[in-house]
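Colleague: If you're matching them up, the sequences are chains W and H in order.
Be aware that the first sequence starts at 64, since it is given in our numbering, and climbs by one per residue.
Be aware that the second sequence starts at 2, since it is given in our numbering, and climbs by one per residue.
No wet-lab data here; the hints were simulated from the structure.
Remember, predicted model here, so these are calculated numbers, not experimental data.
You may find that some hints are simply not true.
As the list claims (entries may be wrong) - Pulled from the structure, derived: some chain W residues nowhere near chain H, Cβ distances all over 10 Å:
id, residue
1, Ala71
2, Ser77
3, Gly97
4, Leu269
5, Ala342
6, Ser371
Said to hold, decoys possible - Label-pair restraints from in silico Cβ distances:
id, chain 1, residue 1, chain 2, residue 2, range
7, W, Ala267, H, Ile230, 49 to 59 Å
8, W, Ala320, H, Asn153, 15 to 25 Å
9, H, Met520, W, Ala98, 48 to 58 Å
10, H, Leu237, W, Phe142, 21 to 31 Å
11, W, Met173, H, Gly485, 26 to 36 Å
12, H, Gly485, W, Phe70, 37 to 47 Å
13, W, Tyr87, H, Ile316, 44 to 54 Å
14, H, Asp236, W, Glu307, 24 to 34 Å
15, W, Ala98, H, Ile230, 50 to 60 Å
16, W, Glu307, H, Ile230, 34 to 44 Å
17, W, Phe70, H, Thr190, 46 to 56 Å
18, W, Ser73, H, Gly238, 42 to 52 Å
19, W, Ala108, H, Met290, 23 to 33 Å
20, W, Gln335, H, Trp22, 51 to 61 Å
Backbone N, C-alpha and C fix where the C-beta goes; we use that ideal spot for every residue, glycine too.
Residue strings, one per chain:
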Amino acid sequence: MSFGIPFAPSEASSAAASVDTLFYTLLAFTTALGAFLTLLVVGYAVKYRAGSGADRTGERGRSLPLEIGWTLASLIIAFAIFGWGATLFMRRDHPPADALQIAGLGKQWMWEFRHPGGQREIDELHVPVGKPVVVSLASQDVIHSFFVPAFRVKQDAVPGRTTHVWFTATEPGHYHLFCAEYCGTQHSEMGGWVDALPPEQYAAWLSDQGEGETLAATGEKLFRALGCSGCHGNSSKVRAPPLENVYGRPVALANDATVIADERYLRDSILQPKKEVAAGYEPVMPSFDGLVDEAELQMLLAYLKSLSPQGLTNSEAIR
Amino acid sequence: MSSDVAMRANYLEEGAGPRAWLLTTDHKRVAWLYLVSLTAFFFLGGAFAVLMRVELATPGGDLVSDDVYNRLFSLHGIIMVWFYLVPSIPATLGNFLLPLMIGARDLAFPRLNLASWYVFVFGSLFALFSVLAGGVDTGWTFYTPLSTLYANGFVSTAAMGVFIVGFSSIMTGINFIVTVHTLRAPGLTWFRLPIFVWTIYATALVMVLATPVLAASLILIVLERVFGIGIFNPDLGGDPLLFQHLFWFYSHPAVYIMILPGMGVVSEVLPCFSKRPLFGYKAVALSSMAIAVFGFLVWGHHMFVSGQSAYAGVIFSFLSFCVAIPSAIKVFNWSLTLRKGEITFEAPMLYALFFLALFTFGGLAGLFLAALAVDVHVHDTYFVVAHFHYIMVGGMVTAYMAGLHFWWPKMTGRLYSETWARVAAAATFIGFNLTFFPQFVLGFLGMPRRYHTYPPEFQFWHVLSSAGAVVLAAGYLMPLCYLGWSLFRGARATDNPWGATGLEWQTASPPPPHNFDRMPTVSQPPYAYPMKGLEHERFSPHKDKVRETAA
């Protein structure tokens with residue numbers, strides 16, 4: 064009945080239906096309130112038009128019970144909507160533990176994705192239906208934003224930090240991927256498609272790409288090539304903290320503080336090693352800022368994460 | 002029209018020639034200086050918008066290149082926000098009316114007032130230079146590091162223009178605050194002030210408190226670009242999100258700078274044409290102040306998906322729902338004001354009723370954006386574009402037109418064509434909804450904002466929106482013609498053509514240079530409109546009903 068005119072985006076993720084329930088509830092509420100106020104004002108405008116015979120005797124200017132009444136009603140409704148929206152929103156921060164980890168990198172003007180098996184794709188992202196996927200986002204230049212309308216997810220990719228977005232695709236399909244944060248000349252061309260495939264087709268797609276090196280394995284090579292292993296390795300003469308089982312666990316710092324070794328901490332420790340020095344070690348590590356680019360940083364992080372097999376999951380580390 | 006009024010020199014006649022206008026310290030003339038400058042900027046910014054809408058009628062980029070398109074929306078935003086909306090009502094109607102409404106001869110600092118216009122003009126030269134030299138492609142938000150490291154337009158020049166007009170805002174704000182505190186007529190207590198004065202006062206407070214933060218952020222950008230001090234650039238140890246925090250700490254309150262005076266205008270117009278006191282006067286006055294205070298605490302709702310902490314997002318969402326309450330209260334009060342009135346539908350009233358509708362729908366759309374999980378989906382899409390245009394254009398510009406038509410006879414001493422004014426109001430309302438309602442649908446479908454090209458399935462809604470823009474443009478061009486005609490040829494207006502209360506209607510139209518021949522005193526609450534039985538006096542020449550109780 065829509066004559067080819069779209070009225071609503073497709074619902075293709077586990078979050079889409081619950082977000083839409085809230086959206087349509089709000090739509091019903093605002094339409095009802097808007098219609099009520101419109102009818103009220105139009106009704107008054109007709110009834111009390113100059114010269115009409117309507118009764119105009121009565122109270123003047125204000126009615127305290129009415130004013131208190133609508134203030135309280137507005138408060139209750141507003142806080143109910145707030146609570147509903149916030150509850151759904153907090154799920155964003157808690158991806159399931161068994162989620163597939165994909166590294167996403169935004170740069171002017173393309174998206175680059177790396178699968179755990181090392182498969183790399185540009186402006187296209189293949190994901191399995193029914194399995195939670197966490198995309199860790201970084202940016203090489205300006206702020207970009209990963210936006211898949213059919214999944215109702217959006218997250219900015221900010222230079223200098225790692226952010227995350229997760230979703231579980233529920234319907235196989237070919238969905239728009241947009242950059243939602245204005246990023247310069249070809250902003251509107253930056254994007255592509257998310258292909259949600261049934262698990263067996265996804266597995267077939269992965270093997271079609273060739274069994275490359277895993278992201279962690281590339282990271283390990285980089286770890287040696289950059290000389291990290293010279294100090295952090297087991298046989299090292301320089302005293303540097305071992306990195307096994309560090310990710311996701313608390314680290315005591317030289318300034319008596321404790322931080323969780325999440326992606327943010329690991330990334331800062333590579334680029335600005337003197338910022339948060341682990342307790343008991345000298346601040347002798349040089350900065351690798353400018354020596355590794357964002358994509359290499361993501362590989363290193365994948366390697367460091369692989370050193371903590373029993374480490375906490377990403378979501379717990381964020382918490 | 003009474004002959005004594007005709008023979009007295011009014012402020013328009015006293016001193017002719019460019020020098021008398023450009024060196025004036027009369028608040029009424031400064032208001033005209035602003036009105037002329039702002040009108041020019043409004044149509045310049047509007048022209049950019051029309052070009053954008055024409056480009057967007059087709060999915061491909063066929064009219065202009067991507068770089069040109071990016072400059073169009075950046076300049077549209079920069080010009081409309083800083084060179085039209087922020088100063089719009091305060092600097093024109095506020096400047097003209099504030100002293101008249103409180104029974105003063107002028108603002109507290111008349112020379113500061115003129116200086117603020119010169120500062121505005123100086124700043125606008127920078128903006129115009131950046132337009133002519135090749136434009137800016139950062140968007141009006143100047144997000145780092147795009148604006149600091151990657152933009153290739155005249156960013157510094159435009160930012161400097163914004164920095165300078167900020168001082169004009171601050172000067173105007175200080176002037177208004179001091180004026181309201183010190184120059185009220187005898188008997189004019191705070192709770193006898195018209196709501197317009199309350200909202201101008203609240204606006205002035207926000208201007209004085211928020212604008213310095215914008216100035217500071219722009220200076221920090223310069224420090225980083227010129228001296229390499231790491232503030233926003235992560236390579237230098239800075240944080241790009243810090244800029245967003247600072248920017249929205251100004252720019253969200255700036256939204257209230259833009260809308261509060263519009264609320265003030267409507268609070269004057271609705272009672273006048275309903276011949277009823279404003280319903281819940283105190284609640285409306287205090288909710289203006291509440292909006293000004295809460296407006297400072299909600300900036301993070303622009304950053305729900307920026308990477309700021311989720312807990313910060315929850316708090317900002319909560320506060321955003323809090324700021325919705327005083328706005329809702331106002332809508333209820335305005336609606337109830339009509340009850341038991343003697344309502345007539347002249348152009349100012351039509352504009353005010355359209356404001357009420359568009360502001361309400363824009364505000365209700367705000368509930369979607371404040372609800373976190375829904376905002377994740379519609380953030381940075383056309384849903385947001387539609388929402389703030391409903392508030393800023395449907396709300397603010399419509400209120401500005403209501404005010405301009407309402408006080409036009411007072412400002413010029415002349416009447417305009419009522420028929421044309423009603424046609425223009427209707428065209429604006431229809432054109433506006435046709436332009437911006439489809440954008441809500443586009444946003445829900447996932448159409449991102451600031452896109453030069455788009456997937457073809459969105460075209461239907463874009464075509465509707467572009468068609469609406471043509472009607473809307475006509476609605477805005479009509480007043481330029483009939484008001485321009487009225488300025489020179491319009492029939493003479495009486496001192497109080499609408500039968501309105503308020504001190505500004507108790508002096509001549511146009512007022513004498515010193516505003517009042519006799520110092521007015523006030524002994525009544527505002528909006529002392531009769532309950533019933535008042536003969537409507539529209540456009541009928543009449544003697545002023547002398548309501549003053551001489552001291």
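Colleague: Could you run down the list of hints and mark each one as holding or not?
Modeller: Against the structure, the hints come out as follows:
The non-interface label for Ala71(W) is inconsistent with chain H: the shortest C-beta to C-beta separation is roughly 7 Å, within 10 Å. Non-interface status of Ser77(W) relative to chain H is upheld: no Cβ of that chain comes within 10 Å, the nearest being about 13 Å off. In this structure Gly97(W) is not separated from chain H by more than 10 Å, as the shortest Cβ-Cβ distance comes to only about 6 Å. With a cut of 10 Å on Cβ distances, Leu269(W) stays outside the contact zone with chain H, its closest approach being about 28 Å.
With a least CB separation of 23 Å from chain H, Ala342(W) remains clear of the 10 Å interface cut-off, as annotated. Taking the minimum C-beta to C-beta distance to chain H, about 24 Å, the non-interface status of Ser371(W) holds against the 10 Å cut. Separation of Ala267(W) from Ile230(H) is about 53 Å and conforms to the stated range, judged on CB atoms against 49 to 59 Å. Look at Ala320(W) against Asn153(H): about 42 Å separates their beta carbons, and that is not inside 15 to 25 Å.
At roughly 49 Å, the beta carbons of Met520(H) and Ala98(W) sit within the given window of 48 to 58 Å. Range check, Leu237(H) to Phe142(W): Cβ separation about 42 Å, and the 21 to 31 Å hint is violated. For Met173(W) paired with Gly485(H), a C-beta distance near 51 Å fails the hint of 26 to 36 Å. Checking the proposed 37 to 47 Å range against Gly485(H) and Phe70(W) shows it holds: the Cβ atoms sit about 43 Å from each other.
A hinted range of 44 to 54 Å is violated for the C-beta pair Tyr87(W) and Ile316(H), which are about 26 Å apart. At about 30 Å, the CB distance of Asp236(H) to Glu307(W) agrees with the hint of 24 to 34 Å. The given range of 50 to 60 Å is respected by Ala98(W) and Ile230(H), whose C-beta atoms sit roughly 55 Å from each other. About 39 Å separates the C-beta atoms of Glu307(W) and Ile230(H), a value consistent with the hinted range of 34 to 44 Å.
The beta-carbon spacing between Phe70(W) and Thr190(H), approximately 54 Å, falls within the hinted interval of 46 to 56 Å. Distance hint for Ser73(W) and Gly238(H): a CB-CB separation of about 43 Å, consistent with the stated range 42 to 52 Å. A hinted range of 23 to 33 Å for the beta carbons of Ala108(W) and Met290(H) is consistent with their spacing of about 30 Å. Between Gln335(W) and Trp22(H) the C-beta distance comes to about 59 Å, which sits within the given range of 51 to 61 Å.
When held up to the earlier numbered hints, the structure conflicts with 1, 3, 8, 10, 11, 13 and fits the remainder.
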